[in-house]
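Student: The chain contents come next:
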Amino acid sequence: MLKGGFLANLGKVYGIYTGGFIGFTILIGLMELAGVPNYILGYFFIFLTIGIYALIGVLSRTAEVSEYYVAGRTVPAFYNGMATGADWMSAASFIGMAGSLYFGGYDGLAFVLGWTGGYVLVAILMAPYLRKFGQFTVPDFFSARYGGNLPRGLAVIVLVCASLTYVVAQIGGVGIITSRFLGIPFQAACFVGLIGILVCSLLGGMKAVTWTQVAQYIILIIAYLVPVVILSAQVTGIPVPQITYGGVLEKIEALEKTLGVAKSHVAPFANAKGEYSALAMWNFLALILCLMVGTASLPHILMRYFTTPSVRQARDSVGWSLFFIFLLYFTAPAYAAFAKYEVYSSLIGQPIASLPPWVANWGREGLALVGACDAANAVAQFPLCKGVVGNADGILQLSEFRIAADAVVLATPEIAGLPYVVSGLVAAGGLAAALSTADGLLLAIANALSHDIYYKMIDPKADTKRRLITSRILLLIVAVIAAWIAGTIGNSILFLVSWAFSIAAAGLFAGLVLGIWWKRCGNAAGVWGIIAGFGACMFFLVTTEFQGPWLKSVMGDWVTLSKLTRGTVVREVAYPFGINNISVGIFGIPTAFIVQLLVGYFGRPASQDMQDFIESIRVPAGEVKMAGLEKA
Amino acid sequence: MAATPHQPLSRERAQEYWGRTSKLMWTILVIWFVFGFLIHMFAPQLNSIRILGFPFGFYMAAQGSLIVFVFLCFWNAKAQNKIDEEFGVSDE
Numbered sequence: 054m055l056k057g058g059f060l061a062n063l064g065k066v067y068g069i070y071t072g073g074f075i076g077f078t079i080l081i082g083l084m085e086l087a088g089v090p091n092y093i094l095g096y097f098f099i100f101l102t103i104g105i106y107a108l109i110g111v112l113s114r115t116a117e118v119s120e121y122y123v124a125g126r127t128v129p130a131f132y133n134g135m136a137t138g139a140d141w142m143s144a145a146s147f148i149g150m151a152g153s154l155y156f157g158g159y160d161g162l163a164f165v166l167g168w169t170g171g172y173v174l175v176a177i178l179m180a181p182y183l184r185k186f187g188q189f190t191v192p193d194f195f196s197a198r199y200g201g202n203l204p205r206g207l208a209v210i211v212l213v214c215a216s217l218t219y220v221v222a223q224i225g226g227v228g229i230i231t232s233r234f235l236g237i238p239f240q241a242a243c244f245v246g247l248i249g250i251l252v253c254s255l256l257g258g259m260k261a262v263t264w265t266q267v268a269q270y271i272i273l274i275i276a277y278l279v280p281v282v283i284l285s286a287q288v289t290g291i292p293v294p295q296i297t298y299g300g301v302l303e304k305i306e307a308l309e310k311t312l313g314v315a316k317s318h319v320a321p322f323a324n325a326k327g328e329y330s331a332l333a334m335w336n337f338l339a340l341i342l343c344l345m346v347g348t349a350s351l352p353h354i355l356m357r358y359f360t361t362p363s364v365r366q367a368r369d370s371v372g373w374s375l376f377f378i379f380l381l382y383f384t385a386p387a388y389a390a391f392a393k394y395e396v397y398s399s400l401i402g403q404p405i406a407s408l409p410p411w412v413a414n415w416g417r418e419g420l421a422l423v424g425a426c427d428a429a430n431a432v433a434q435f436p437l438c439k440g441v442v443g444n445a446d447g448i449l450q451l452s453e454f455r456i457a458a459d460a461v462v463l464a465t466p467e468i469a470g471l472p473y474v475v476s477g478l479v480a481a482g483g484l485a486a487a488l489s490t491a492d493g494l495l496l497a498i499a500n501a502l503s504h505d506i507y508y509k510m511i512d513p514k515a516d517t518k519r520r521l522i523t524s525r526i527l528l529l530i531v532a533v534i535a536a537w538i539a540g541t542i543g544n545s546i547l548f549l550v551s552w553a554f555s556i557a558a559a560g561l562f563a564g565l566v567l568g569i570w571w572k573r574c575g576n577a578a579g580v581w582g583i584i585a586g587f588g589a590c591m592f593f594l595v596t597t598e599f600q601g602p603w604l605k606s607v608m609g610d611w612v613t614l615s616k617l618t619r620g621t622v623v624r625e626v627a628y629p630f631g632i633n634n635i636s637v638g639i640f641g642i643p644t645a646f647i648v649q650l651l652v653g654y655f656g657r658p659a660s661q662d663m664q665d666f667i668e669s670i671r672v673p674a675g676e677v678k679m680a681g682l683e684k685a
Numbered sequence: 007m008a009a010t011p012h013q014p015l016s017r018e019r020a021q022e023y024w025g026r027t028s029k030l031m032w033t034i035l036v037i038w039f040v041f042g043f044l045i046h047m048f049a050p051q052l053n054s055i056r057i058l059g060f061p062f063g064f065y066m067a068a069q070g071s072l073i074v075f076v077f078l079c080f081w082n083a084k085a086q087n088k089i090d091e092e093f094g095v096s097d098e
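Heads up: the sequence lines are chains A and B, in that order. Just add 53 to the spot in the first sequence (first one is 1) and you have this note's numbering. Just add 6 to the spot in the second sequence (first one is 1) and you have this note's numbering.
Bound-form chain A, shown alone:
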């Protein structure tokens, strides 16, 4: 047995675990050589990894409130960094991002920048102060800072809207993977994936989720690096893809010329014809801003910094979080470049008759993520070919090849002809990414409903047992609703995730920042800030997405319309001032700040008690002096 218990031996425990996982992967590789069929290898990867997460969940089950909500505040900075990394990197990062880089080229880098730079804001503006504040949830802060249940309730509304949008996208990601590797329909796969999510968070709350997320981080980073390291070694002879893909970019640019691609992979802010567009630049910068500010506002991330033992460790922990996230994010553009190079150099120009089997596997009915649309009746085999007219010459042209963004990462090992064990590994990694984020999000939602709504607002006398049972029941209900929505709207991840960031950014950022950094700001300002920011964001989100033509009729020439495919439906989406609605937070964030600053400036300033409270959370040492109603 280990001396000194689990927390004293974290390095040893996770070291053995990592070694075990690598050994397991090699074993599967040997089974493949021995002729075990592919689908069985896929089963192994999916069920064994879910089994490990379930085991950790069972081992860390808890009946203590502080363990359930904030992992007992015992998570060291380094491991909290890893857990945050897994919490953070979702299906969108793992499966979606390299895909959008594959298509967008330079423009896709907005995601890479936006999803890393936000941590600087978390580090300097939020994390240490929220840790010092030392309660359980983000709405707790709004209640303590802006005087009671009204701001608390508003923060819960924003939290639930943002997190639910986000979690739907995660379950969609789980659905894609389980559907492909277990060979079941997408809708059913969403519910199978749900089981993997629930075994963990349901039993042990934040404690179980934290230690599972560390395990999931290890799997997802190995899974992300392995295929692209092998590809780099194959193509360039050096197994450091992050450095070698510079050369691959040059090869892609050369192939673009022969294939007649107008918009170069590396060209910034180019329209379809390859010309510079200032509007594309503003969209790029707006998206970065929304993603960064959203990072610093999403409760499932902020609550991770409630779990460290000290303020000092909360700060260090942000650095480690970003470091672990960085490892994946600076690899993603390399992943996209190698995938594009493989498709351009070895797939395009092949006879349709001799296409590799992965094209059919990924293109089949019910998954429909790849299409080879040469023949006139190609749509019968590849639903993705709908609307694409091939020239039926028996050769695959670039314009006849279709691949969904979400399939790029998962299919790359097969595209490059790597052994199936690598595909299984990548699937396990994608699953780990989606499950870990879904766990964190569901917990954030369930905690907000059980702690903030039920315990703080409805029944403050509820005992521990009752609170934890309520939380678990709510977790289950929210999870089932999310899975149902995911199964219904289909498998498109990135735009949903971007909305979640915009919603959180518009609703919570101003309140958090000004709450900590502007002592004088009164209660009314905080409340109106949330209402205005969230309101503006939701107004533009709903009208641009669902009432595009109406918005155009109101705003006239300030709005352009464009037909977009969302899952299975096509909608006329509005672009106010030419801004894509994935950056809809750009309307909400400034609104929140302006309203909160105006009301704060002209309204009644915060009470002396409140200002003492803020001063007490600005300094790491000493007591937190709660103000107003919450004063014990």
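Quick caveat, the hints were computed from the structure, so don't treat them as lab data. These numbers come from a predicted model, not from an experiment. Cβ atoms here follow ideal geometry from the backbone N, Cα and C, with glycine treated the same way. Keep in mind that a hint or two might mislead.
[Said to hold, decoys possible] No farther apart than 27 Å at their CA atoms in a straight line, the calculated lysine-lysine pairs in the BS3-like style are these: (1) A:Lys-185 / B:Lys-84; (2) B:Lys-29 / A:Lys-572; (3) B:Lys-29 / B:Lys-84; (4) A:Lys-572 / B:Lys-88; (5) A:Lys-185 / A:Lys-572; (6) A:Lys-326 / A:Lys-439; (7) A:Lys-572 / A:Lys-678; (8) A:Lys-678 / B:Lys-29; (9) A:Lys-616 / A:Lys-316; (10) A:Lys-326 / A:Lys-310; (11) A:Lys-185 / B:Lys-29; (12) A:Lys-616 / A:Lys-605; (13) A:Lys-439 / A:Lys-616; (14) B:Lys-88 / A:Lys-678; (15) A:Lys-439 / A:Lys-316; (16) B:Lys-84 / A:Lys-572; (17) A:Lys-185 / B:Lys-88; (18) A:Lys-326 / A:Lys-304; (19) A:Lys-616 / A:Lys-326; (20) A:Lys-678 / A:Lys-514; (21) A:Lys-678 / A:Lys-185; (22) A:Lys-304 / A:Lys-316; (23) B:Lys-88 / B:Lys-29; (24) A:Lys-185 / A:Lys-514.
[As the list claims (entries may be wrong)] Derived coverage of chain A by chain B (criterion: at least 3 residues anywhere in the stretch with Cβ under 8 Å from a Cβ of chain B; other residues may be distant): (25) 312 to 325; (26) 377 to 386.
Model the placement of chain B on the given structure of chain A, informed by the hints.
Tutor: Showing chain B alone in chain A's frame:
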């Protein structure tokens, strides 16, 4: 940790502490803005420089700025810890 009782800072010291903390915050915020936004506005021009095959504008968005962000987070932790210790308000 909580074992040694903490002496609250005097009013002037508290103001000085927050002044130093705010200065660090603004410094990092400015660097963050330069590498998060400003530099990318010039990506088309920067792309004419090539290093190891990377167009430089592309490189900054794909890797360079990210390295700066990681550095900023660790630097913030280190510099703020130093301030905390100087004022005797570290919580460890």
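Student: Please go over all the hints and tell whether each is borne out by the structure.
Tutor: How the hints compare with the structure:
Taking the CA atoms of Lys-185 of chain A and Lys-84 of chain B, the gap is near 18 Å; set against the 27 Å cutoff, the hint holds. Proposed proximity of Lys-29 of chain B and Lys-572 of chain A is supported: the alpha carbons are some 17 Å apart, at most 27 Å. Between Lys-29 of chain B and Lys-84 of chain B the CA atoms are separated by roughly 15 Å; this keeps the pair inside 27 Å, and the hint holds. At most 27 Å may separate the alpha-carbon atoms for a hinted pair to count; Lys-572 of chain A and Lys-88 of chain B meet this at roughly 24 Å.
With a C-alpha separation of about 16 Å, the suggested pair Lys-185 of chain A and Lys-572 of chain A falls inside the 27 Å cut-off, and the hint holds. A hinted pair counts as satisfied when its Cα atoms are at most 27 Å apart, and Lys-326 of chain A with Lys-439 of chain A qualifies at roughly 24 Å. Taking the CA atoms of Lys-572 of chain A and Lys-678 of chain A, the gap is about 14 Å. The hint holds against a cut of 27 Å. Of the supplied pair hints, the one linking Lys-678 of chain A and Lys-29 of chain B holds, its CA atoms being roughly 25 Å apart against a limit of 27 Å.
Taking the CA atoms of Lys-616 of chain A and Lys-316 of chain A, the gap is about 20 Å. The hint holds against a cut of 27 Å. Distance check on the hinted pair: Lys-326 of chain A and Lys-310 of chain A sit about 13 Å apart at the alpha-carbon level, within 27 Å; holds. As the CA atoms of Lys-185 of chain A and Lys-29 of chain B are separated by approximately 20 Å, the hinted pair is consistent with the 27 Å bound. Note on Lys-616 of chain A and Lys-605 of chain A: the hinted pairing holds, with a Cα-Cα distance of about 14 Å set against a maximum of 27 Å.
In summary, the hint linking Lys-439 of chain A to Lys-616 of chain A is supported, as the alpha carbons are separated by about 16 Å, within the 27 Å threshold. Of the supplied pair hints, the one linking Lys-88 of chain B and Lys-678 of chain A holds, its CA atoms being roughly 25 Å apart against a limit of 27 Å. Between Lys-439 of chain A and Lys-316 of chain A the CA atoms are separated by roughly 24 Å; this keeps the pair inside 27 Å, and the hint holds. Only pairs whose Cα atoms come within 27 Å are accepted, and Lys-84 of chain B paired with Lys-572 of chain A is accepted, the gap being roughly 25 Å.
Only pairs whose Cα atoms come within 27 Å are accepted, and Lys-185 of chain A paired with Lys-88 of chain B is accepted, the gap being roughly 18 Å. A threshold of 27 Å between alpha carbons decides the hint, and for Lys-326 of chain A with Lys-304 of chain A the separation of about 20 Å falls inside it, so the pair holds. In summary, the hint linking Lys-616 of chain A to Lys-326 of chain A is supported, as the alpha carbons are separated by about 19 Å, within the 27 Å threshold. The hinted pair formed by Lys-678 of chain A and Lys-514 of chain A meets the criterion: a straight-line CA distance of about 23 Å does not exceed 27 Å.
With a C-alpha separation of about 11 Å, the suggested pairing of Lys-678 of chain A with Lys-185 of chain A holds against the 27 Å cut-off. Only pairs whose Cα atoms come within 27 Å are accepted, and Lys-304 of chain A paired with Lys-316 of chain A is accepted, the gap being roughly 15 Å. A threshold of 27 Å between alpha carbons decides the hint, and for Lys-88 of chain B with Lys-29 of chain B the separation of about 14 Å falls inside it, so the pair holds. With a C-alpha separation of about 26 Å, the suggested pair Lys-185 of chain A and Lys-514 of chain A falls inside the 27 Å cut-off, and the hint holds.
Counting residues of the stretch 312 to 325 of chain A whose beta carbon lies closer than 8 Å to any beta carbon of chain B gives 4, which reaches the threshold of three, so the coverage claim holds. Counting residues of the stretch 377 to 386 of chain A whose CB falls under 8 Å from any CB of chain B gives 4; the rule of at least 3 is met.
Going through the hint list in order, the structure satisfies each hint without exception.
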